[in-house]
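S.K.: Spelled out, the chains give:
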Amino acid sequence: MFRLFSFTFLLVFASLSFGQEKVTLSGHLTDADSGEDLLGARIAVNELPGVGAITNDYGFYSLTVPKGTYSITFKSISFETKTVTIELQADLVYDLEMAPEGRMIGVVDVTGEKMDENVTSAEMGVDKINVKDVDNIPVLFGEKDIMKTMQLLPGVKSAGEGNSGFYVRGGSADQNLILLDEAPVYNASHLLGFFSVFNSDALKDVKLYKGGAPAEYGGRLSSVMDIKMKDGNAKQLSVSGGLGLISSKLTIEAPIVKDKGSFIVSGRRTYADLFLGFSNNPAAENSILYFYDLNAKANYRIGKNDRVFISGYFGRDKFGFSDQFGFDWGNATGTVRWNHLYSDRLFGNTSLIFSNYNYKIKFGSGDESFQIGSEIQDINFKEDFNFYINSNNTLNFGGNFIHHTFRPGEIETGSDIDFVLNDIDERRSLESALYISNEQSIKKRWKIIYGLRYSNFVQIGPGNIFSFNENGDITGSTSYGKWEKVQAYNGLAPRLSASYILNEKSSIKGSFARTYQYIHLVSNSTSSLPTDVWMPSSSNIKPQIADQIAVGYFRNFFDNMLEFSAEAYYKDMQNVIDYRDGAEVTLNPAVEGELLYGIGRAYGLELLLKKRRGKFTGWISYTLSRTERQFDEINDGAWYAARQDRTHDFSIVAMYNFTERISLSGTWVYYTGNAVTFPSGKYEIFGQTVDLYSERNGYRMPDYHRLDLGLTLLNKKFKMVADPITGEEMKVAKKFESSWNFSVYNAYGRENAFSIDFRTNETTGVTEAVQLSLFKIVPSVSYNFKF
Amino acid sequence: MKMNKIKSHFFLLMVLFSLTGFYSCEKVIDVPLNDADREIVVEAIGRNFLGESYILLSRSGSVYNDGGFERLSGAVVTVTDDDGNVFAFVEDITDPGRYLSVDFVAQPSTQYSLSVNIEAQSITASSSSLSEPVIDSLTYINTGGGFGGSPTDTSYLLFYNFVDNADEVNFYQVSAWVNGVKDDNFYIGNDVLGNGQLASAPLFATEIGPKDTVFIELRSMDEDAYTYLSTLSSNINSGPFSATPANPVSNLSQGVGLFSIYMVDTMTIILP
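Chains as they are written, first to last, in the working numbering: chain A, 3 to 789; chain B, -8 to 263.
It is worth saying that the hints were derived from the structure and are not from the lab. All C-beta atoms, glycine included, are put in the ideal place defined by N, C-alpha and C. Fair warning: there could be bad hints in the mix.
Stretches of chain B that chain A covers, calculated by requiring three or more beta carbons in the stretch to come under 8 Å of a beta carbon on chain A [stated by the list, open to error]:
1) 29 to 35
2) 49 to 55
3) 110 to 116
4) 250 to 260
Listed below are the simulated DSS-like cross-link pairs for lysine-lysine, each with C-alpha atoms no more than 30 Å apart in a straight line [as the list claims (entries may be wrong)]:
5) Lys260(A) <-> Lys721(A)
6) Lys18(B) <-> Lys364(A)
7) Lys130(A) <-> Lys721(A)
8) Lys507(A) <-> Lys364(A)
9) Lys364(A) <-> Lys173(B)
10) Lys617(A) <-> Lys130(A)
11) Lys778(A) <-> Lys18(B)
12) Lys262(A) <-> Lys237(A)
Here's a subset of chain B near chain A, in silico, CB distances under 8 Å, partners left out [claimed, not checked]:
13) Cys16
14) Ile20
15) Leu91
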């Protein structure tokens, strides 16, 4: 291990140049309107082609160049590009507030600057979504949802009708690491997946790594979805909100001390249950059905070199029937961060992260009640550094240490319930990682990000640990004391991605990444349920491992107006998990015996054509792919298509701004139906008709396609005021902005199959294939405001 | 005592349908299916009461065939206990495909083997009996209207109570008849969580109202039978939230079905 690390260091330091005396330009870039940090903004030195910097997750940049006078350009998508002349004779801190583009004159084409990051950066398999950009995309019930927008990109597939769950490059839904301000969100869906837990009003930036994620990320096999919350307006009080068909939301942001600190609080609650109250049906009247989300964040700058952030998320779904039955579930996360500038070239961040997901099911009330609960809880200490060695090398390194607690089944009974149910033993484990990664430019044409991630996972006591034979039967049990090691795993994950710039319009890229996953979602259901349980790797469950290799070609046309990319990937997976036929996963202390281990492979081609600027924007994406699994115990050991195997997946997203105030949007998706198991015969036993199956996932659901349309009407942004001096009428921005959004989900009413059941028609006695479709045509309207 | 109820995702479906009730729609579509080879279906049940044991032989059909299932006559069927006593099961002339024995009574803690010879095939299986279970009592709580009813209604949640035998690894099945009609739900459990303890669990899915007469049968069985029933329950309950369907795990050497020896106890309650 150590040898490898020192080798990497050597490589980097060997490239440190001697000669001319160098100085460092560093600083923070922020949004002039709100004071929000600008992430991923680019700083270019015009006199030194190829030399530049990119702001980190906190808006910090650092650039080391020889002494001299330079013209330096700062640019960030959706902000006006700014070029300044700076005389650099000594280290200099230069902070800049950038103005959002076109904020006084409506829609504007970006200045002639090249927005060619997709071609020039070494990253591949990355999708970035600016939360502001997805405002107009039509969605189910008009609830803006970044997770659903992500599904319109190549390589990312929806888990089903209206579902916020997703599959990346043939991976399963639990192989996505979903981070909200660094805290993992263990169940990112509300109401069985129809809504994600992310209230887009509170979010700033979303990045999805589909492969080749940098070494700082680890812990899941398929992807990393890194979501950052807004910091809060540091300039002035700002209130925004929206009223929708099924939910309303309100966001308040304000400075704590102007330009030094700010906070944001954002809440959302659905009110479908309020309508149930008007119903004549007593069942509906006594039902409880809603969810809510609360996001809060505050930051404060202490002196020039330190800044602290506290952020948290709390959300819950509640379902119940009078006081006899209750079912609720939700996540709570919290992150405390401390940024420190050790020097103008070394940026550090220390985080303490908390995450909890739990569900509770309660029957009866008072003394006659009976409650089942399950929970996973993480406490994570994380340290990250960015070291800006020189203009060609940026070194990122750090590590983290997580304490996981798994409580698969906690049972509470009221005093009148006289039967005894034991809790299922909780499980504890420690997961830690160290990483180092360098981003290097070589001779202007090459950009390489190479790194290593070492991870370690230890299952610890206390608890009774079962052992199993190959049929999944318990063969023994060993008792372990507190903190006693039960089983340890570790892994070394190399990460590499490189780009070679062919010319200023095109590049080719390649990447390799190995990933380890130590915790697994145990679900024998075909869709995501709140009762799915996370399980640690253990003496019985091995970590999942994936290796992914990808190559890509990137080309921009018409002065970067059009972006095109083609990426091909191959992914090999080991120790993937499935369940024995009829596995019982809820409240089963011996659930590990119900698991089967196999291998998987996935490969595909992803094409994306995107138009970023102009009145007409949007993209077309197409994925051709295959994903398969092989388990000795399933399908007679033959390879079979995974559920999410979809040969073709096509989406079109189009947005057109007619005027400053009217924009129209549409999305169309088409994909091959999921692989599914249908019966090939039936028989009768114990008086019941039972289906007979011959082949796993040997059939296909019907093809899925759907068109959604949206119309956004902005109220007037300006009022005409007479200039007090000249008397001329002039435009003045209104403080109060508002908009109406109308959308139609599934505009042509396609009856897409959600499930297909084979059953006997009770009147005719004939067996029929019955297709269930959800959401035929769903119109919705919402009103949003901001002041 | 872990209880695995048949409609385990019932409440989740409630959430789904209360949300989408206005939107969802069903229609019959045409799905061509490949027919699997026909399989011989064996339902072989031995019980600890004379005249209650039977072996039923039939053949599977295609999914879209609604003409009933072919019963299989002319088989040679025997059950042998671990002392070498052979019990012949002879076809009932009034009910083709059903084979009965004049003297078979399952004994506790005994291993039995089944042999079925039909159409030049020989199907074998073995099953062990456990000790006889004893239902201690049936108790109930009033849950008002329960799901979907008004709180002023009366409905009951019935609990069965019995003491698990600590000397064995036990598997149980509970079935209910309400006013003489068999409830389609059945409940299965094991003693992994409560070996030797008082086992008490509710019949979650059985609808019971005032003045109902409920007959409960508690069956003790071996692990193979338990595995079969639990995998059978996931086969029957297909739907949007169920596991990928698969055939139940059978203890037969070939064909589909189950050979199980049940040790049975029963009790009746009349609700107020």
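S.K.: Taking the hints in turn, state whether each one holds.
M.R.: Against the structure, the hints come out as follows:
no.	hint	result
1	29 to 35	holds (count 4)
2	49 to 55	holds (count 7)
3	110 to 116	violated (count 0)
4	250 to 260	violated (count 0)
5	Lys260(A) <-> Lys721(A)	holds (28 Å)
6	Lys18(B) <-> Lys364(A)	violated (35 Å)
7	Lys130(A) <-> Lys721(A)	violated (35 Å)
8	Lys507(A) <-> Lys364(A)	violated (60 Å)
9	Lys364(A) <-> Lys173(B)	holds (28 Å)
10	Lys617(A) <-> Lys130(A)	holds (21 Å)
11	Lys778(A) <-> Lys18(B)	holds (12 Å)
12	Lys262(A) <-> Lys237(A)	holds (9 Å)
13	Cys16	holds (5 Å)
14	Ile20	holds (5 Å)
15	Leu91	violated (17 Å)
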